[in-house]
Structure formats: structure tokens, C-alpha cells
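Top line first, the protein sequences correspond to chains C and Z. FYI, in my numbering the residues of the first sequence are 3 to 142. FYI, in my numbering the residues of the second sequence are 114 to 473.
Wrong hints could be hidden among the right ones.
[As the list claims (entries may be wrong)] Just so you have them, the derived chain C footprint on chain Z, three or more residues with Cβ under 8 Å:
| # | stretch |
| --- | --- |
| 1 | 210-222 |
| 2 | 343-353 |
[Said to hold, decoys possible] Simulated DEER-style distance windows between Cβ atoms:
| # | chain 1 | residue 1 | chain 2 | residue 2 | range |
| --- | --- | --- | --- | --- | --- |
| 3 | C | Pro102 | Z | Arg309 | 39 to 45 Å |
| 4 | Z | Trp148 | C | Arg92 | 46 to 52 Å |
| 5 | C | Glu40 | Z | Tyr203 | 31 to 37 Å |
Note that these hints are calculated values from the structure, not bench results. Being a predicted model, the structure only gives us computed values, none of them experimental. Think of the CB as a built atom: it goes at the ideal place given N, C-alpha and C, for glycine as much as any other residue.
These are the residues of each chain, in order.
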Amino acid sequence: MWSVKASVPSLWREAPSRYRLEATECVECGARHYPPREICPRCGSKNLRRVRLPESGKVISFTHVRAPLRGFEYYTPLTLAIIELDDGTRILGQLTDVDPEDVVEGMRVSAVIRIVRVSGETGVVSYALKFRPEMPTGDR
Amino acid sequence: MVRPDRGVGIVGWGVYIPVHRIRAEELARAWGRDWKRFAAGVFVEEKSLPGLDEDTFTIAYEAAKNALRRARIDPKSVRAVYVGTESKPYAVKPTSTMLIEALDLGERSTTGADFEFACKAGTEALEATIGLVGSGMIDYGLVIGADTAQGAPGDPLEYTAASGGAALVIGPVENSIAEIVASHSFVTDTPDFWRRKLVKYPAHTKAFTGVPAYFRHITTAARALMDELGTNPGDYDYAVFHQPNGKFPLRVGKMLGFPKEKILPGLITPKIGNTYSGSSLVGLSAVLDVAKPGQKILVASFGSGAGSDAFHIEVLDGIEEAQALAPRVSDYVNWKRYVDYAIYARNRRMYKMPNDMGAY
Ligand SMILES: [Zn+2]
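The following block holds chain Z by itself, in its conformation from the complex:
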């Protein structure tokens, strides 16, 4: 377990989920699958996808803007901007500097970088920012987890790989709406999911993704954190886990001793799919949207490759006022327009275009 020298907390939070959705049934239709047999088991009814003009930068920008609205700080005081993603617009060129410019952050005296750790890049960026704020090196940092996740056409991952992101403004606990009391990370070299250089879609080993990857890492990180803090599941009002589908978070919660009532408020994947680096932070944001002072939240991310970051968070006074200052996760979940597979493929840039028509 690690904890910062000075108290660190969440000053503002915000999400962005594109308005476009495709139903699991439509994905199955395109590839001649029986949806009920093939995909209903993952409990994702529909998933979000980017608009023609959206990517991880534009998603990160809107999530960050919502987080800054709730934080009510001078954007010039943000001295670190870290973006966790596995779908950077550029292979080489930081997304973070684009955000710093577009949001006019930190008078450019700002450290910025993109983090990659499959689905837990966002909480990895959070851990680094807690260190900078907790050591007193900076007062405010902006953390983002955002993705336009790739699933190969026809692959089981196509039913869950979605688009969206969440942002947190991290700062001193005195100005926070929730304290991040402590965290614990657990990582191993586990080849459950990867994407090689210049390859468009990831590969995964079905047998490895469950027990040795997701369940082992989350339970190890969460148990170690609770053991060292002397807490147990009964002490928490909410538990948020990485959500690659609608099923795993409930099952890992059961293994740890959390009833589903504590998990459902932060379980968003069944409605929008898995937003990868955004996933656990979108779940946390949905909980912060409704949380009350004094409540306790356990968050455990998971990233393939593999590892989990677990956080103990305590909600503080002032959160209710902040809740109303930006759109909630539920607002984005409910604002949607359906597309068919042809438009899905166009928005996801799956067609090989004949020449330069402005596409990726």
C-alpha cells in the first residue's frame, strides 16, 4: 500500500461519451451470428462509438472540460496533464500537449505525457499525479482515461470495445470533494491481451483473460489494500471495478464479498460498452455523481499485460454542490443515436478509402 505525504483528493470529475450507439444485435447481424448465443453472455446491450470527427483527443477534451467545471479552479494552476489511452491519435506526438493548448492549462509550465497500460492507463496516470500532488511538487494535476477502443470485425471484442473517457482534477485534500486515502498496485507479466506495433486490432488469449488476468489481479490488489487499511467490504458504500463486460465486475465483487447493490451504481458498461482506459474512471464518476459526504468507495482498475490499481476513497463535504456543475454520466448514457453497421464501419474508419478524402 502507498499513501501520499500530504492529503490528496479529487477536486473535480467529468466524463464524455459520444452520442452514437450500435446495438449488439446489429453487430451480430453483420457477421451472421446468433446474438443470443454469441454475445448475450457478456451483458452489453449496446455500445458507444465515435462520431466521424471524434478521437481520443476530442473525447479527452470534453471529459476534462467537465472535470474543470466541477473543480472551479483557475486552469492556469494545473501543472500536470496525463492521458491514459491505448488509442492515441498519433503514435508519436502527445495527446496531453494538445489538451494543454486547447484548455489553456498551466501557462504551459506543465508536465504532460500519455500513459499506456491497456485498460488501466487512466489509473496509472492517476497514481503518478497523486505522487506529484502528495509530495507537494504541484497543487493541481489533470488525469484522463479515454479510448476509442478497437475490436477486430467479427471478434467477440467487437461487442464490447467502445468509446468514451473520464477526467479527474487532482489536488490538495482541503480543496477536494473526495480524499484518495491510499492505493495498492499489483502487476505481473501476463499475456492475456496485446497489440503489436502497426497492427490495427488487438489479439487475446481467451483462456487467459478471466481467472489468471482480471480476477487474480483485481482480487490481489483490492485485498492487499483492505488488509493494510484494516477495512472490509462492509466498510464501503460503493465498489467500482474495471468493466470489460457486464458480468466480470459482479463476479469479482462476489469473490471479494461485495453485494451487487454496491457495484451496480458504478456499472456502466452494459449501456455503453467497455471504454478501456476510461472504464473504471467512468464507473467512479457515476458513483461521484450520486455520492454523499462520508461515504467510502473502493475502486480497482484492471489492465491487460497485466495489473490492477486499487484505491480507497472517502467522500467529503461539498460534493453535492459540485455534482450539479456538469453533465452526469447518466445524461450521456441517455443521450444517444443509433447507427447501423455500415455507418459504424465508416465512423470507426474500417473502410480502406481510395485516396485522400480527409479520413484517417
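One chain only, chain C, in its complex shape:
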């Protein structure tokens, strides 16, 4: 089981990817990895550079978690989804602002920063990008 308290050093270290979708791109084979990697899992190269992934995409597949890990119960049900971003990179993300019955494959989503969980009354608030349905706009 995961620890109830979030690891503050890892939250701090992961801020660029959690807040801004920073990923790594392999200079040798072009593969993009999220979360960022040290070694390209496709070709084994260590020649990687930092890139920011596009903040919109579509849902490829999804699942509703109704018995989440300890420390996440307050947010039940959690909807986790594989999202294909507009550059083709596929990432695992959480959906928000949508009822489970309204989630469909192919739905357009965009990234927004949200609370992931809070570590008790005295701990840190963990934030990360989640994905929500694109907002319909009026005359534009």
C-alpha cells in the first residue's frame, strides 16, 4: 500500500512534469516519454531532451476506480484514462469535471491543474494536471 503522506521531495522534483507536462524526447529515435525518463525505453539512448507536451488530446480508453488507494477515498470515483495528446504521445491521466456515465472514447479533453489529494490536516496539497472535457464556447 502507498504511504498516506505524500513524499514532499518527490512532489517538488516532479513539479515540471506534474504542472507543465514536461516530458523527455529521444534525440536518436524521436520517442516521447511521460513521465520523463533517463534512458529511452524504445532504443536505449541516453541522449534525451526536455519538451513540453501539448495540453489537449482525446480519450483512448478509460476506467472508473470506485475503491481507490488509501488517501484518495475523498475523490471517489476516480476516472483514469489513456489520453492521446495532439502530438500523438499517449499518457495516463485522471479526468475531472465529468460524470462517469458521460465519459466516452474519443472525447476531446484539455489539461487543467487540480488537487490530487491532501496529506491530512498538516501535510502538503498535491497538485497535478488532470484532463477535463473541452468547454463549449459561444460565438467563437
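Since the structure of chain C is already known, use the hints to place chain Z with the ligand on it.
Quick look at chain Z with the ligand alone, frame taken from chain C:
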């Protein structure tokens, strides 16, 4: 009246309002009140509330992102980030640094702080940023007014205390879509509304909130500004006042001589409630969403405790192009999902949870 040495203006604006709404009738039902008798007088039909995973930081982030979309500047050139709020996620730990990190602002060579002045913390942050840009110390600053406002269960404030925020990118007038020509602030020590340390909900003195607080401060600040500029209500196309409910802005406008046609375009509270530090800036944003070059706007905020900041703003060329670059206030107002009181209480974290389940 104060005005900057060099011309200062609004380079970009943007808002964020959570999608969740609760109807005033549902709030009344939970506490056995007759909605029509008890709450219809405030003219707020429904109000916004945060999602389970939203707070003032996440609201500020989305408003700021919309403002930066319209500003079309390099985020690295933003050298001041000030968040006005009375619902900081942390009592001690700035919301501004979270925004600087998440939005990759100013290469971290950025001043940042959270401001508190009840409902006028956002315009207080604006005043400070006008000073930094107007003196030439910085070129661009980001100002935010955002809140997830608290009203005690069953209290009259529960019918209006809402969630949302607005952001302005402030910069040199040459790159702006509206010039902030001058401002005037008026403050006194007036105990109309407060919240003590470690207390969850605010207290207020009913007799003090109207005439000696809201109306006195707004009329004094707005009249002083117009007197010194030599303007009168007829010179303005729009007037935006702090909107604690749907009634006060129209009444203060009448006292000052503004017809309701000039107030209604920026009067958003009847549809979403009072977003506290966001309130007058959300109203200003709704006006900027539709304003045309050459039009003049009077804005007067109000914060309990108490004070008002009044601003004279003139719309410039280029605003129409910027209007289309981000969602408008009306887009957020129209995008909504209703919740009942049980879900409202869960999202607002009103339940005492048994142990660590990830809640606040
Ligand atoms: Zn590779």
C-alpha cells in the same frame, strides 16, 4: 487620485468559474427556509462552487492562463505575480509561487505575494502592480483576484459566497488593450465583516454592511476619482462595482448617477454568486469581453474592513482581436452542472472526515 509616471494598461484579461452550481432554492431547502422570503431579496439565483479537486490556486491558474492567452507575451517577461484572496490553500505558503512555477513565469526572477483585503484584495494587487509597471521597474505583472468564499451553513452569506476568479496581465500602455488612466482609494477601519485566525467561517454585522461600509466607501472613492479627473457618469460607457449580491451594485450606481444599462453588462453575481476577491475583476472582464475601442469604464471595488479602489479605464485599439483568444465570462456562466446540498457540502469540505482520506 494617483496616476503612474508612464502609461499603464491591461494587456490581457481572463476569468475562470468552476462548472458546479447550486440553486438558492436548494440552499434554502437544506435549512428549512422559505427561499422567497429569506433569500430572493439578494437577487442571486444560483452560485458557483468548487469541484472536489479545486481551490483558489487551481482557479487562479486557469484565470491566469486565459489572461496570458489574450496578452500574447512571453511568460518569461512577467516579473510580478500578486494573488488577492481570502481563501489561500495554505495559511502560510504563497499561492503566487505555485502559479509562477506552474505557468513558468519570469524565469523565477519574479516578485510574488498573496494579498488580503477581504473582497478587494484583487484590486489592491492591481494597484501595486500599476505602481511597478508605471515606475518602469518592470514591464509586465500578473494580477489575480480569486476565492473559494466561505459562508457559514444556514447563514445569509451562504446564498452568495461563491467560487471563481479573474486575472489581468498589466503592462506598458503601448502594448495594452485598455489604459488604466488613474485610480483613487478610500479606506477606513470599519468592522463590517471579518474572520478571526483558525476560524472557518466569517462573521458580519448586518447593520454595518450596507450604508457605512459598501455604499460609503464606493461612493467616496468613485466621486473623488471623477472630481479630480473632471468626469461625470455621462462620460462612462460602463460602470463595474463590487457585487456582493445582485442588488447593491444597481443601488450604488443610482446613488452615483449611473443608469442600470451601464451596470448590467458587468453584473455577473446574480448568475454565479459573489466571487469575493474575484468579484469586481470578473465584472470588469465581462465588460472587456464586449467593449469597443474608445469606450470608458469606471471600476470600483469594495473590501470589508473596509475600503474601495476606483479606476478610470479607457479601451484601446486591438481589444476586439484579443476578445476571441480565450473563453469569455459568458462561456463560463453558461457551462454548468447542478449539485444538491449533500454534494455541495462534500465539495466545500464541510464534513469532518474520519481519518486521512485525502481531503482538506
Ligand atoms: Zn529512443
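Results for each hint:
1. Residues of the stretch 210-222 of chain Z with a Cβ under 8 Å from some Cβ of chain C number 4, which satisfies the need for three, so the listed coverage holds.
2. A stretch counts as covered by a chain when three or more of its residues have a beta carbon under 8 Å from one of that chain; for the stretch 343-353 of chain Z and chain C the count is 0, and the coverage is violated.
3. A hinted range of 39 to 45 Å holds for the C-beta pair Pro102(C) and Arg309(Z), which are about 41 Å apart.
4. Hint check: Trp148(Z) to Arg92(C), Cβ distance near 49 Å, so the stated range 46 to 52 Å holds.
5. At roughly 32 Å, the beta-carbon separation of Glu40(C) and Tyr203(Z) lies within the given 31 to 37 Å, and the hint holds.
Going through the hint list in order, the structure does not satisfy hint 2, though it satisfies all others.
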